[in-house]
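> The primary structure of each chain is shown beneath.
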Amino acid sequence: MPQAGSSTKSVSISSDAPVAARRLRWNPWLIVSGAVALGVAAPILALVAIASAGSEGLWSHLTGSVLPVAIRDTLILLFGVGLLTALIGTGTAWLVAAHDFPGRRAFDWALLLPLAVPTYIIAYAYLDVLHPVGPVQTALRALLGIDSPRDFRLPDIRSMGGCIFVLGFVLYPYVYLTTRAMFLMQSANLIDVARTLGAGRRGVFLRVALPLARPAVAIGVSLALLETLNDIGAAEFLGVRTLTVSVYTTWVTRSDLPGAAQIAIAMLVVVVLVVLLERWARRQRRYANDAQHPRPLRRHRLRGGKGIAAAFACALPVLVGFVVPAWYLVDQTIARVRFAGISRAIPAEVLNTVTLSAVATLLTIVAALVVVYAVRLGRGPGPRVLARAASLGYAVPGTVLAIGLLPVITGIEGVVDTVSTSVFGVSTGLFLLGSGAAVVYAYVARFLAISAGSLEAGFSRVSPSIDAAARTLGAGAGRTLFRVHVPMLRPALATGALLVFVDCMKELPATLLLRPLGFETLATHLYGEAIRGTYEEAAIAALLIVAVGLVPVLILVRLGVRGEAEAGMTVSARVPADRSESRERVRLQDS
Amino acid sequence: MHNNKLRNGRGALAASVLVGIAGVAADAYADVNLYTTREPGLIQPLLDAFTKETGIKVNSIFVRDGLAERVAAEGRRSPADVLMTVDFGNLIDLVEKGLTQPIQSDVLNAAVPEHLRGKDGHWYALSMRARVVYVAKDLDIDSIHYEQLGDAEWRDKLCIRSGQHPYNTAMIAAHIVHHGEDATREWLRGMKENLARAATGGDRDVARDIMGGICDIGVGNSYYVGLMRSGSGGPEQQKWGEAIKVILPTFEGGGTHVNISGAAIARYSPNKDDAVRLLEYLVSDDAQKLYAEANYEYPVKQGAEVDPIIAALGELEVDPTPLTDIARNRDAASRLVDEVGFDQ
Numbered sequence: 003m004p005q006a007g008s009s010t011k012s013v014s015i016s017s018d019a020p021v022a023a024r025r026l027r028w029n030p031w032l033i034v035s036g037a038v039a040l041g042v043a044a045p046i047l048a049l050v051a052i053a054s055a056g057s058e059g060l061w062s063h064l065t066g067s068v069l070p071v072a073i074r075d076t077l078i079l080l081f082g083v084g085l086l087t088a089l090i091g092t093g094t095a096w097l098v099a100a101h102d103f104p105g106r107r108a109f110d111w112a113l114l115l116p117l118a119v120p121t122y123i124i125a126y127a128y129l130d131v132l133h134p135v136g137p138v139q140t141a142l143r144a145l146l147g148i149d150s151p152r153d154f155r156l157p158d159i160r161s162m163g164g165c166i167f168v169l170g171f172v173l174y175p176y177v178y179l180t181t182r183a184m185f186l187m188q189s190a191n192l193i194d195v196a197r198t199l200g201a202g203r204r205g206v207f208l209r210v211a212l213p214l215a216r217p218a219v220a221i222g223v224s225l226a227l228l229e230t231l232n233d234i235g236a237a238e239f240l241g242v243r244t245l246t247v248s249v250y251t252t253w254v255t256r257s258d259l260p261g262a263a264q265i266a267i268a269m270l271v272v273v274v275l276v277v278l279l280e281r282w283a284r285r286q287r288r289y290a291n292d293a294q295h296p297r298p299l300r301r302h303r304l305r306g307g308k309g310i311a312a313a314f315a316c317a318l319p320v321l322v323g324f325v326v327p328a329w330y331l332v333d334q335t336i337a338r339v340r341f342a343g344i345s346r347a348i349p350a351e352v353l354n355t356v357t358l359s360a361v362a363t364l365l366t367i368v369a370a371l372v373v374v375y376a377v378r379l380g381r382g383p384g385p386r387v388l389a390r391a392a393s394l395g396y397a398v399p400g401t402v403l404a405i406g407l408l409p410v411i412t413g414i415e416g417v418v419d420t421v422s423t424s425v426f427g428v429s430t431g432l433f434l435l436g437s438g439a440a441v442v443y444a445y446v447a448r449f450l451a452i453s454a455g456s457l458e459a460g461f462s463r464v465s466p467s468i469d470a471a472a473r474t475l476g477a478g479a480g481r482t483l484f485r486v487h488v489p490m491l492r493p494a495l496a497t498g499a500l501l502v503f504v505d506c507m508k509e510l511p512a513t514l515l516l517r518p519l520g521f522e523t524l525a526t527h528l529y530g531e532a533i534r535g536t537y538e539e540a541a542i543a544a545l546l547i548v549a550v551g552l553v554p555v556l557i558l559v560r561l562g563v564r565g566e567a568e569a570g571m572t573v574s575a576r577v578p579a580d581r582s583e584s585r586e587r588v589r590l591q592d593s
Numbered sequence: 003m004h005n006n007k008l009r010n011g012r013g014a015l016a017a018s019v020l021v022g023i024a025g026v027a028a029d030a031y032a033d034v035n036l037y038t039t040r041e042p043g044l045i046q047p048l049l050d051a052f053t054k055e056t057g058i059k060v061n062s063i064f065v066r067d068g069l070a071e072r073v074a075a076e077g078r079r080s081p082a083d084v085l086m087t088v089d090f091g092n093l094i095d096l097v098e099k100g101l102t103q104p105i106q107s108d109v110l111n112a113a114v115p116e117h118l119r120g121k122d123g124h125w126y127a128l129s130m131r132a133r134v135v136y137v138a139k140d141l142d143i144d145s146i147h148y149e150q151l152g153d154a155e156w157r158d159k160l161c162i163r164s165g166q167h168p169y170n171t172a173m174i175a176a177h178i179v180h181h182g183e184d185a186t187r188e189w190l191r192g193m194k195e196n197l198a199r200a201a202t203g204g205d206r207d208v209a210r211d212i213m214g215g216i217c218d219i220g221v222g223n224s225y226y227v228g229l230m231r232s233g234s235g236g237p238e239q240q241k242w243g244e245a246i247k248v249i250l251p252t253f254e255g256g257g258t259h260v261n262i263s264g265a266a267i268a269r270y271s272p273n274k275d276d277a278v279r280l281l282e283y284l285v286s287d288d289a290q291k292l293y294a295e296a297n298y299e300y301p302v303k304q305g306a307e308v309d310p311i312i313a314a315l316g317e318l319e320v321d322p323t324p325l326t327d328i329a330r331n332r333d334a335a336s337r338l339v340d341e342v343g344f345d346q
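Quick note, the sequences are listed as chains A and B, same order. Be aware that the first sequence starts at 3, since it is given in the working numbering, and climbs by one per residue. Be aware that the second sequence starts at 3, since it is given in the working numbering, and climbs by one per residue.
Each hint should be verified, as a subset may be incorrect.
Unchecked claim - Going by beta-carbon spacing under 7 Å, a handful of chain A positions derived as facing chain B:
hint : residue
1    : R152
2    : R256
3    : P260
To be verified - Where chain B lies over chain A, by a calculated footprint (3+ residues, C-beta under 8 Å):
hint : stretch
4    : 123-137
5    : 237-246
In short, the hints are calculated from the structure, not lab data. Idealized CB from N, CA, C, for every residue including glycine.
With these hints in hand, go ahead and build the complete structure from the sequences.
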């Protein structure tokens, strides 16, 4: 294994901190990073305070009749969705990254489309489409010559299987996105070496490409699983009672907020442990490639039947995760517009949705950049702990996070109001809840993990020797970040920003609870209609969410395709002899 | 010098930002501010009519869960004037958390019967809905007791939404008041056995599932029948509404279980007078008629007429169990639902 061998001999710069940064103990980066972490952790601390109020008899009730089944069902759901997203995401990513077949260029971006479809919408859509009185079964009965649905029905989608199915097919793009990027960045040299050593194409995939892509798969799957764990819309609608639904029931039906907070915190602890375990498991490995002249992967051409099979395999997730629900929404929208016209509030709602999401995305990206860069600059565990704390918001269900945010937000408002009244004689009232800033705060706290993850991955591909060079030439930490890193991180920044934007647009519970009076977004409008059972009216808002969500997905595609190629070239061109001193290293013999 | 200037500049900037913010905040304080768990589409026609009649604008925010938490967190600064919910359990919760204030209104007291309002004027019901039974059209059945929903006769034939939904926990709590917890547990076990599909979705799904042959019998609210059959939800839903027969069930030795939509005045209401006017308007003849005609609910005001579609369901005989008794058993009902694994 020549690669592994050569890297051990390479010049060793400490992987954690560029030399120049070591002197700075209390640098501003660390302070800002601390502030961000505190901002995200504040609602969780508030939840801990709420939970400590105690809840009489809750746990005996839970362990007796709720937890055994809720934990089992949650695990089955997570396992099912994890497996499905990993299979679809990794499989299609390997197909489009390493092969050529009819339609490959189109599938390259089309596979991302389901990202634009919120889970609660796809659940509604499939219940309608697959219902005994819906189009599919009606046509099937006509075909078979059966009159009554009582005589012949397909299995009900309101089940565990149905839930895994719909979640898997809208969440796989998280895995596809991260894994595809990893496959594209893998140097052809490694593949060639493996081939020279006698590995077949399957062997290359299973023993070289896949192990190297493991962090990407892990990041993608963990994003998908956190979405699943915190999903309330689809799971509840399809009758799957996860732990999150238990949290919800305890709070809403039994008015036991401390109890709900206790369950939520217990779940958070488990999630954090699992994430730490996964990181620990790949602690010593390194995934940046060591090749001196990385060459892009040569695509293997699939001909005839194999090519058609590959095209079919890529078409299926796009059809199920996007085309069918989108077609359904268009159909329902047309029916509704004919029946009742379009609500006049819609343009304002689109504007509200886009404005809130855009502001939140910008803030999230800046915050994530600071937090992740502080990790790169800092020494010791401090910045790393802060970065973890700043990512906690994603591991808590949106509703619960919003409840934790309420006392934090009104606390800030109280302090500002008091100061402003005494100093300027002007009352500021509820300026955060009243202006939409509270919603933005919630988005940043909740989705910081997504952009931080994307940036972390991006930074890990930039050799610390580049920092060292910039600093030696006299640039400060800030200048190095903006002049050197930001240009190189453009693809990672774009990926992070667009994922956050799409997630903000789809976010429902925090938006619903924290928005100002008389202020609607597409998601809250949709929810208001859906709860009344007027799905058709809701279809317009749903279609717009998907349509607006498509814009960033398409931008992502364009930037993604160009950006990766550029990023690869930039790094290799500027640092031709780069030994890629990244934190983790792969030993090929390990796999 | 330079420094001073800068500081002054900053001060002015800060002040103008604060004034701007205060402007935004003050704007939200004018008129009447309504916090509601009621679906906005259902309530908007009533609010529009109120504004037309009085010239008072109503700003509303629809919050499903966490209404109480938000109002509590806002505290004295809260712009909330009127708090409106669609389940009396949630309404009584608001009162118990100290988020409401009592009002004296002869208009309200005259319009709303005593058992449909709180003591000391802390809350008022505005409309009623009955928890009824939907059955397949071809079934030969004209009356049923709630208790019979657990009978083995309906094995694998029952459709109902989540047992944890407030509409169902209220119904189950009423069963507890009638028969005690043990009998209710057995009843729920029976219903659980009878489920034809997961206990989830909404009440309209019950009608559609009956049409789709998934089940023969189900439980849903009365106004959905009006919304479906009138065609106001579109032609699809009209078919669902026509596919079912509706029975007003009763508890053995009692009547039909009803829930309410209602409202209270927020404790720190900044526009209390106008807020009371809004409540008074909502029990006026005009508004009660709108509740009946647009939402297919039962008006609370005596003498106000129900919509013909709802009248055709039969004579409503309201179960005499006091709403406060039912509210007290809500927690026990929710725990029983968990115990028998109703939703699992």
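> Does each hint hold? Answer for all of them.
The hints, checked one at a time:
no.	hint	verdict
1	R152	4 Å, holds
2	R256	5 Å, holds
3	P260	12 Å, violated
4	123-137	holds (count 4)
5	237-246	holds (count 6)
Checked against the numbered hints given earlier, the structure breaks only hint 3 and satisfies all the rest.
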